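A.B. asks: Model the full assembly from the supplied sequences, consistent with the hints where possible.
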Amino acid sequence: MGEPVLERFKPRFWDNRFADSGPFKRLFNFRRIWKLAVLLTSLVAIIPLFVLAIFDLNVTRHSAETQINLRITKLVSNTDRTLTFFLEERKYALDFIVNSHSYKTLSKPQKLAGILESLKQTMGGFVDLGVIDATGEQVCYVGPYTLQGKNYTGEAWFQEVLERGLYISDVFLGFREVPHLVIAIKHENPDGSFYIFRATLDTDRFNQVLSQIELIGQGDMFLINRQGVIQTPSTYHGNVLNILDIQVPKYSDYAQVFNKKNGRGQALIVGYSYIKDTPFILMNITRKNELMRPVYKTNLLLVGFIAVSTTLIVLVVMGVATRLVNEIYNADQQRVRTLREVEHSSKLASIGRLAAGVAHEINNPLAIIGEKAGLMKDIMMVEKEYPYQDKLTGLVDSILASVERCGAITKRLLGFAKHLEVKIEPVDLATVIRDVLAFLNREASYRSITVTTDLPEDLPFFESDHGKLQQIFLNLVNNAFAAMSNGGALEIRARQKPDEDIVVTVRDDGCGIPEADMERIFEPFFSTKKEKGGTGLGLSITYGLVQEIGGTIQVESELGKGSLFTITLPIERGEREK
Amino acid sequence: MAEKILLVDDEADFLEALSERMRARGMDVSTSVSAQQALDAVDEGTFDAVVLDLMMPGMDGLEALRILKEKDPKLQVILLTGHATVQQSVEAMKRGARDLLEKPTDIETLAKKIKEASAERMLLVSEEAEEKIKNILTSKGW
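Chains as they are written, first to last, in our numbering: chain A, 1 to 578; chain X, 579 to 720.
Keep in mind the hints are simulated off the structure, nothing from the lab. Careful: at least some of the hints might be erroneous.
Which chain A residues stay away from chain X? Per the calculated CB distances, all over 10 Å, these [unchecked claim]:
(1) ALA134
(2) SER169
(3) VAL229
(4) ASN242
(5) GLY263
(6) LEU301
(7) LEU315
(8) PRO460
(9) GLY488
(10) ALA489
(11) THR552
Just the calculated beta-carbon pair ranges, DEER-fashion [said to hold, decoys possible]:
(12) GLU686(X) with GLU383(A): 17 to 27 Å
(13) MET380(A) with LEU702(X): 32 to 42 Å
(14) THR716(X) with PRO365(A): 51 to 61 Å
(15) LEU702(X) with GLU383(A): 31 to 41 Å
(16) MET380(A) with ALA590(X): 18 to 28 Å
(17) GLU641(X) with VAL358(A): 19 to 29 Å
(18) LEU701(X) with LYS391(A): 45 to 55 Å
Derived BS3-like pairs: lysine-lysine, alpha-carbon spacing no greater than 27 Å straight-line [as the list claims (entries may be wrong)]:
(19) LYS108(A) with LYS150(A)
(20) LYS377(A) with LYS693(X)
(21) LYS647(X) with LYS712(X)
(22) LYS372(A) with LYS690(X)
(23) LYS582(X) with LYS649(X)
(24) LYS372(A) with LYS391(A)
(25) LYS690(X) with LYS647(X)
(26) LYS74(A) with LYS260(A)
(27) LYS693(X) with LYS710(X)
(28) LYS74(A) with LYS250(A)
(29) LYS690(X) with LYS672(X)
(30) LYS250(A) with LYS288(A)
(31) LYS111(A) with LYS91(A)
(32) LYS411(A) with LYS693(X)
(33) LYS691(X) with LYS411(A)
(34) LYS647(X) with LYS582(X)
(35) LYS260(A) with LYS250(A)
(36) LYS377(A) with LYS691(X)
(37) LYS411(A) with LYS672(X)
(38) LYS693(X) with LYS372(A)
(39) LYS647(X) with LYS672(X)
(40) LYS582(X) with LYS690(X)
If you're wondering where the values come from, they're calculated on a predicted model, not measured in any experiment. Built from N, CA and C at the ideal position, the CB exists for glycine as well.
C.D. replies: As structure tokens, this is what we get:
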């Protein structure tokens, strides 16, 4: 199915491989010219487009990535500050309580319960409070557990708070399986003694702070501890107290961003920050694809644009190349045709010159033969008695007949070769044709050939050579008569074409011309009637005459059905006749 | 009365045959094988007609024709040619040739042309004579 469609779009020059381009064939490989033109033009147009596009894609991606990193860094460090502030607020609250109350007051459960109550109402999130003395014994506790009197000496956190004065615990599942964390501070009295004040907070408020942060591109922000255990709820990375599926990033004083692939091969952008004085690391994990979506969208648009314009460029280039090469091809065909015509006519001309020379040289000896034979005949007529009388008379007559025949041939040869001056006068074509037909009427009626003419009354007079026109039609009609058997039909018609040339056609229903002979019928000495005394010059002379008056002659013929000679005569004399 | 003619052609064979045939037709024929010889012949005697070959080595027919016509404008010259271009024909006619025939010619045609030429010359000569007589009649007035 595809092939005929392709066939339809195939330009004419495509299959023309050096077939008949004459010399310099290599220059006329049209397919190659076309391919080269298409390739070069397309490359020149498309390569800069592609380079620019790739360059632009890289620059956009790079700047987008930089910007995303910047935004995430900012977000993480802001959140870090918020969280630090939140925890410090709690710590200052505890500081304030220990500074504003004496150890004794705090040691009393009723008093401590009152403080817990007011903390719950003002700040919220406090679950229990406890006071631990220097020996590590919990001297006073208010809260849901019964931890009164518990000793913490061996606990790691107790040692830490002794050393650093502050301890913030990892999140753990505390009371009612709710995640909690512990803040403990060390209070030193002026006399050097100290105790530890400890509070348990549920993480609701903490989570609330995190959830209020406006995230970028469906990001996931949560806390982990330094062992990678998730401390606050995450959207995509597991529940609280699960282990994070990403390795814990290494410590840094500032918020940091890095790229990472998760287990499913998705590119992630991870922002993190170590929150000061706490075991927490703030994590912000975003899928890169989400963040880059607008960039990808722009890129897709760009790629689409490139694809469309490339297609368009290639199509236009192909179209233009096809058109141009076609023009070249046509011009070349024209050139080849002209070359052939010139070849043909110059061949005819040189044959004509040769023929003229030969004819001339032969005429003189021919004249001598003629005169000698004539003399013989004269003598024979005077002498009444001599041997072989009849035979000799016959021989002389035959010599004279042959001389006459040779003379006729040489005269026609000369006629063919002569570049006669063209005598131009206003000519009425109808009269010319009627004159010629009148001349041949006797033969026509004798052979019962029907001659019909179709000559419009309004044919204009035109400037041409009367004698040559007569000769042309005489030759053509003679020729037609020779081709026809008795009882044939000959038709001559004349028409004026819109472009003012007059076209005369001579159609016979004779034997026609074989295909093989068509090329040669205008050549001198080409005759199929040799045995009937044809010289082979009639049509070549006609051809020469038509050329001389600036016309053209064509022939169509079908073997056995007849021939059609078409003569085109210019009304205005062109440049062609000389 | 026998026409007095001069045949000029460079081909002796041709001359020989043609002159004999002309004589057989009752003409008084002289021959020349070159233009120069023809001029000399014309100087020596008068001819009713000259049959002149157009193409000859040395002086050609056209040149000979010019000189002949200068010598005697009434001289009737028939040109014979193996190959005449229209230009040559026109030139010949301009220079006063009576006719131009192509070789090989039919002897009867040539004879006819010669007879016509001879008659023409007779006419011219008698006209001239008449003119002379008129002149004499009018000038002398006696």
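A.B. asks: Hints first: check each against the structure and report whether it holds.
C.D. replies: Hint by hint, here is what the structure shows:
Non-interface call for ALA134(A) relative to chain X: holds, since the shortest CB-CB distance, roughly 151 Å, exceeds 10 Å. Distance to chain X confirms SER169(A) as a non-interface residue, since its nearest Cβ pair spans about 134 Å, more than 10 Å. Distance to chain X confirms VAL229(A) as a non-interface residue, since its nearest Cβ pair spans about 125 Å, more than 10 Å. At roughly 122 Å, the least C-beta separation between ASN242(A) and chain X is larger than 10 Å, which holds for a residue marked as non-interface.
The non-interface label for GLY263(A) is consistent with chain X: the shortest C-beta to C-beta separation is roughly 109 Å, beyond 10 Å. Listed as a non-interface residue, LEU301(A) keeps its Cβ farther than 10 Å from every Cβ of chain X; the least gap is roughly 84 Å. Chain X leaves LEU315(A) outside its interface by the beta-carbon criterion, the shortest separation being 64 Å against a cut-off of 10 Å. At roughly 28 Å, the least C-beta separation between PRO460(A) and chain X is larger than 10 Å, which holds for a residue marked as non-interface.
With a closest Cβ-Cβ approach of about 34 Å to chain X, GLY488(A) is found to remain outside the 10 Å limit, as its non-interface label requires. A cut-off of 10 Å between C-beta atoms confirms that ALA489(A) is not in contact with chain X; the least separation is 37 Å. Taking the minimum C-beta to C-beta distance to chain X, about 24 Å, the non-interface status of THR552(A) holds against the 10 Å cut. At about 20 Å, the beta-carbon gap between GLU686(X) and GLU383(A) stays in the expected band of 17 to 27 Å.
About 38 Å separates the C-beta atoms of MET380(A) and LEU702(X), a value consistent with the hinted range of 32 to 42 Å. Restraint check, THR716(X) to PRO365(A): a C-beta distance of roughly 57 Å satisfies the suggested window 51 to 61 Å. Range check, LEU702(X) to GLU383(A): Cβ separation about 39 Å, and the 31 to 41 Å hint holds. Between MET380(A) and ALA590(X), the C-beta spacing of about 23 Å keeps the proposed range 18 to 28 Å intact.
Distance hint for GLU641(X) and VAL358(A): a CB-CB separation of about 26 Å, consistent with the stated range 19 to 29 Å. Range check, LEU701(X) to LYS391(A): Cβ separation about 46 Å, and the 45 to 55 Å hint holds. A threshold of 27 Å between alpha carbons decides the hint, and for LYS108(A) with LYS150(A) the separation of about 16 Å falls inside it, so the pair holds. A distance of roughly 22 Å separates the Cα atoms of LYS377(A) and LYS693(X); the hinted pair therefore holds under the 27 Å criterion.
This hinted pair checks out: LYS647(X) and LYS712(X) have alpha carbons roughly 25 Å apart, not beyond 27 Å. Distance restraint check for LYS372(A) and LYS690(X): the Cα-Cα separation of roughly 19 Å lies within the 27 Å cut-off, and the hinted pair is therefore satisfied. Under the criterion of a C-alpha separation no larger than 27 Å, the hint pairing LYS582(X) with LYS649(X) is consistent with the structure, at around 17 Å. For the hint pairing LYS372(A) with LYS391(A), the CA-to-CA distance comes to about 17 Å; that is within 27 Å, so the pair holds.
Our distance criterion of 27 Å between C-alpha atoms is met by LYS690(X) and LYS647(X), whose separation comes to about 22 Å. Of the pairs offered as hints, the one joining LYS74(A) and LYS260(A) holds, with about 19 Å between alpha carbons and a cut-off of 27 Å not exceeded. Under the criterion of a C-alpha separation no larger than 27 Å, the hint pairing LYS693(X) with LYS710(X) is consistent with the structure, at around 25 Å. The straight-line distance between the Cα atoms of LYS74(A) and LYS250(A) is roughly 19 Å, inside the 27 Å bound, and the hint therefore holds.
Straight-line distance between C-alpha atoms of LYS690(X) and LYS672(X) comes to about 22 Å, which keeps the hinted pair within the 27 Å bound. A C-alpha spacing of about 21 Å is found between LYS250(A) and LYS288(A), which places the hinted pair at or below 27 Å, so the restraint holds. Note on LYS111(A) and LYS91(A): the hinted pairing holds, with a Cα-Cα distance of about 20 Å set against a maximum of 27 Å. For a cut-off of 27 Å, the pair hint linking LYS411(A) to LYS693(X) stands: about 25 Å separates their Cα positions.
Note on LYS691(X) and LYS411(A): the hinted pairing holds, with a Cα-Cα distance of about 20 Å set against a maximum of 27 Å. The suggested pairing of LYS647(X) with LYS582(X) holds, with an alpha-carbon distance near 17 Å, which does not exceed 27 Å. Restraint check: the Cα-Cα separation between LYS260(A) and LYS250(A) comes to about 14 Å, which is no more than 27 Å; the hinted pair holds. Under the criterion of a C-alpha separation no larger than 27 Å, the hint pairing LYS377(A) with LYS691(X) is consistent with the structure, at around 21 Å.
Note on LYS411(A) and LYS672(X): the hinted pairing holds, with a Cα-Cα distance of about 23 Å set against a maximum of 27 Å. For the suggested pair LYS693(X) and LYS372(A), the alpha carbons sit about 22 Å apart, so the restraint of at most 27 Å is met. A C-alpha spacing of about 11 Å is found between LYS647(X) and LYS672(X), which places the hinted pair at or below 27 Å, so the restraint holds. This hinted pair checks out: LYS582(X) and LYS690(X) have alpha carbons roughly 14 Å apart, not beyond 27 Å.
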